[in-house]
Amino acid sequence: MAKIICVANRKGGVGKTTLTTNLAVALNNKGKSILIDADEQQSAFKWANQREDIECITVHSDLLEKLEKLDKEYEYILIDVAGRDSTIFREALLVSDTLIVPTQPSLLDLEVLDYMQEKITTAKKTNENLKAYVLINRAAVRTTELKDAIEFIAEFDQFKLLKTVLFERKQFRDAIVESKSVTEMNASKAKDELNQLIIELL
Amino acid sequence: MSENRFAKARQNKEFTHIDVNSDAKDSTDSTPSNKIVTRNKSVVLLEPNTLPVSTRSRTKNGRNLTIPLFVEELNIIEKAVTILGQKSDTSINNFIRQTILDQCKKIIGKEEYQKMLSQQFNVIKTSKEKN
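First to last, the sequence lines map onto chains A and B.
Going letter by letter, the first sequence gives residues 1 to 202 in this note's numbering.
Going letter by letter, the second sequence gives residues 1001 to 1131 in this note's numbering.
Hints in this document: simulated from the structure, not taken from any laboratory.
Don't be surprised by glycine CBs; every beta carbon is placed ideally from N, CA and C.
Among these hints, one or two may not hold up.
[Unchecked claim] One-sided excerpt, in silico: chain B residues whose CB lies under 8 Å from chain A:
hint	residue
1	Ala1009
2	Arg1010
3	Asn1012
4	Cys1104
Build the full structure now, drawing on both the sequences and the hints.
The structure is reproduced here in structure tokens:
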């Protein structure tokens, strides 16, 4: 039975796909994995298409049926969900083992957590094993915003805040353009942060 | 996790299909529910549209979207509509509706947009949801 990891947030532009592509490489190194791109923009799918080692499919309907078929074949299933509410997003919550909600540390982004918590609470009535994490992503260096965000997120009892913070770094953008993970590129702070995240998550 | 997690998930249609935001409706949801619980906990009952175009009214048969705005934001919209009104007959409601729908069409694609537009329903009853 596969471990299903879902990367989702109702808010767009929080770095879901960048996180997903980097996690896809890490999971692929760990066991037989497949990446499901459930976002109509298909950015993760296009990224994976440039590589030979990452299995990736797009799914825009019947997620449960497709996941069930993949469940026995793979050790890890990673789902990139579009930044909005949808049937696919809710279906993913009902069967995922892990939900990662990347968020920027700004108030506009954090406000969405109320909505996410509500949906997680409902989903857990069906999927009691769901573990929900918040990852502070694209954080600005040297601002007080991060400290405020950490305090804000601590108020949500359905989320565990990941200790790792991914800062806004050019290396993440360069990696996705080159269809790589930052872990496959030269030494950088982005690489260190991602490695730390992988250790914390996996 | 038990092996029947997918079967359990499938049973929870209420979560996956009811009150999924209409502005983000999933393309798989081809049969909208007749009952919708709105964000302010009102229950909206729908029936397939049988009214002719001349009789069907957004006010009488449709739903409302309320968006809080700062004064200056509304001023901007009003100014834009005033300028547009000099060239063609328009209103704030028409302007907002059409601008948003045009943007939605770009996001969800023409095919999905037309498909959803053809699924016409009318509101027949609203009431507060009982807890």
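Against the structure, the hints come out as follows:
{"no.": "1", "hint": "Ala1009", "in the structure": "holds, 4 Å"}
{"no.": "2", "hint": "Arg1010", "in the structure": "holds, 6 Å"}
{"no.": "3", "hint": "Asn1012", "in the structure": "holds, 5 Å"}
{"no.": "4", "hint": "Cys1104", "in the structure": "violated, 11 Å"}
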